[in-house]
Amino acid sequence: MRKGPSRVGLFAYAILYLAFLYVPVLFLPLFSLNDSVFIAFPLSGFTTQWYEAMLSDDAMLRALRNSLEVGTATALLSTLLGLLTAKALTQFRVPGSAALLGFTSLPLFIPDIVLGISLLILLDAANLPLSLLSVIAGHTLICVPFAITVLLSRLEGFDKSLEEASRDLGENAWMSFWRVTFPLALPGIISSLLLTFIVSFDEFLIAYFLAGNEATLPIYIWSQLRFPYKLPEVLALGAAILIASTLLVVFAEWLRSRGLEDRKHIMVGA
Amino acid sequence: MSDETFLKIDHVSKRFGAVLAVDDADLAIRRGEFFSLLGPSGCGKTTLLRIIAGFEFPDLGEILFEGVRMTDEPANRRPSNMVFQSYAIFPHLNVSDNIAYGLRKERLDKATLKRRVLDALAMIKLEGFETRRADELSGGQRQRVALARALVLKPKVLLLDEPLGALDRRLREAMQLELRALQKSLGITFVFVTHDQEEALSMSDRVAVMSAGRVLQVATPRVLYESPNCREVADFIGQMNFFAGRIVARDGTQARVELGPLGQTSLAIDGPVGSEILVALRPEKIVLSADARSNSVKGNVAALAYLGERSHYSIAVEGLKETIFVADQNSAKSPIRGLAGGDVVYLSWSPDALVVLPWSL
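Going down the list, the protein sequences come from chains A and B.
Residue numbering for the first sequence follows the working numbering, starting at 13 and increasing by one per position.
Residue numbering for the second sequence follows the working numbering, starting at 16 and increasing by one per position.
Next up, chain A with everything else stripped away, as it sits in the complex (with noise of 0.2 Å):
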């Protein structure tokens, strides 16, 4: 009989690769609630203070209402472009597509820190402050990449004739677009916003230095590591955040999924 690689060992694998992904994230609500300014060993008692001192902590929710602001735009004028560019490229013969998707998708290959310092160069040999809205043109800058690709993927199968007989059913083509495009790539468009709103959320190094006197949520992180009584706050910060973007992850593959039923059922009609 064939030997192959033994079943327990790859199970154990598993087991190994899983524990290493999530246990040290999991160390983030249990530290949270535990009642010692010290991360260690043993616990010393449910709490939630920690939970309380984030909630009455201006600072940090100044940050927080920050990146709230700053992802939602991001996401909304990444996936805008990104929606105009996939559009574009899926609907009409572009001379030199490749080399335009290529040229988008460029700041995925450039590390965050020369991005971050370039920006803030140009911003400064343009004369204009660093506020939010500077954070908001980097960060639309990397995630405009991230947005196509969703949007590309999920306008590539559309049978072509669908928006013709919208137009040939009398509709202009605003409103083909409106009536046909719009709902059909709408788990797209709805995974790109929540794709590109948790890039923006977690990007630091832009945000660094683009930011100027504000802080967002990473950077607030950031410097509250100095002082170690707030290390526990942070933690439920953290936690707290972990739950959100869990809900969120969640629901954005769920409806990932969704289109890619959809599409099945589109390409069937193609």
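Rather than coming from a laboratory, the hints here were simulated on the basis of the structure.
Just so it is clear, the structure is predicted and the values come from calculations on it, not from any experiment.
C-beta atoms are modelled at their ideal positions from N, C-alpha and C, and glycine is treated no differently.
Among the clues, some could well be false.
Claimed, not checked - Below, a sample of chain B positions facing chain A; criterion: calculated Cβ distance under 8 Å:
| id | residue |
| --- | --- |
| 1 | A90 |
| 2 | N96 |
| 3 | A368 |
| 4 | V371 |
Said to hold, decoys possible - Which chain B residues stay away from chain A? Per the calculated CB distances, all over 12 Å, these:
| id | residue |
| --- | --- |
| 5 | L118 |
| 6 | K129 |
| 7 | R265 |
| 8 | L282 |
Fit chain B to the given chain A structure using the hints.
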């Protein structure tokens, strides 16, 4: 059917890069006519249909609906509707919403809208399918929905782009009859694109045969089959035997034509003595017999295929490079039943079965 020109395609040409997709197409389609554009794939028939629909715009020429110039109008401003080859059923809408899609602009009240949709569903015999999603429909049902979605707008012209191509044979034949009946009862002009010559012949009032962007002949199915105007049409519609001939004598309108090993025959054609002509003969117009008759030609059975109600024979005639293709009904009184390969057989035909074509090849 009235003779007035309803849809005029006036010397339309369209080029895609180096390819001349439509080359000076000039058609006058009549009101209430079932008009087919027939040709092999890539002949420009779909491009011409898309020019009529308003999805493509001609480089030269004009499109006129009832005498009104529509050449530059986009699809949403033309009085035509289309049934797409892929059907293009909106996957995010159910059957009712698909059918009601184009009615939005008519701003109907709810009851009227519902009645129009139900009437359309009844017309295509899909009552009870209102809330079905596009993916819950079979190919034939999708085709019906596409048809209803276009017809509910009461178009002046319905354009159909190979709508039966994706259906299986049995369903296709049923839909051919149904489409034809629908067209007659509604009285709407249909422009139907197909590469299937049988389909075009059986359904159409008139057919335009296209090849390489050009319209070769526009005629009724009978005229196309009996009197093709060129070798390409004769070759594309049904089976055809071609023979080279030469006028050897002339007596008034009658010319004496020498057909090489097939002997001489009298034909009413123009042309001076000595001119070369091309003669075509349908396989089913050739009579096979076991014995020589007057003016018959001797041949040998090179190959035969038994097809049930008829048989196909390839007959080799001495002096002819190509075998002659003969179709014979397997009727009880056929004198040549039980013919086998290699058998000697005599071919004869009536001179009026011969079609004289211009030498295009």
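We went through each hint and held it up to the structure:
The criterion of a C-beta within 8 Å of any C-beta in chain A is met by B:A90, whose closest approach is roughly 4 Å, and the hint holds. The closest approach between the C-beta of B:N96 and any C-beta of chain A is roughly 6 Å, which is under the 8 Å cut-off, so the hint is satisfied. Because the beta carbon of B:A368 sits about 45 Å from the nearest beta carbon in chain A, more than 8 Å, this interface hint is broken. With a least beta-carbon distance of about 44 Å to chain A, the hint placing B:V371 at the interface is violated under the 8 Å criterion.
A beta-carbon of chain A is positioned within 12 Å of the beta-carbon of B:L118; the least distance is around 9 Å. With a least CB separation of 18 Å from chain A, B:K129 remains clear of the 12 Å interface cut-off, as annotated. Distance check for B:R265 against chain A: the nearest CB is about 57 Å away, which clears 12 Å, and the non-interface claim stands. With a closest Cβ-Cβ approach of about 49 Å to chain A, B:L282 is found to remain outside the 12 Å limit, as its non-interface label requires.
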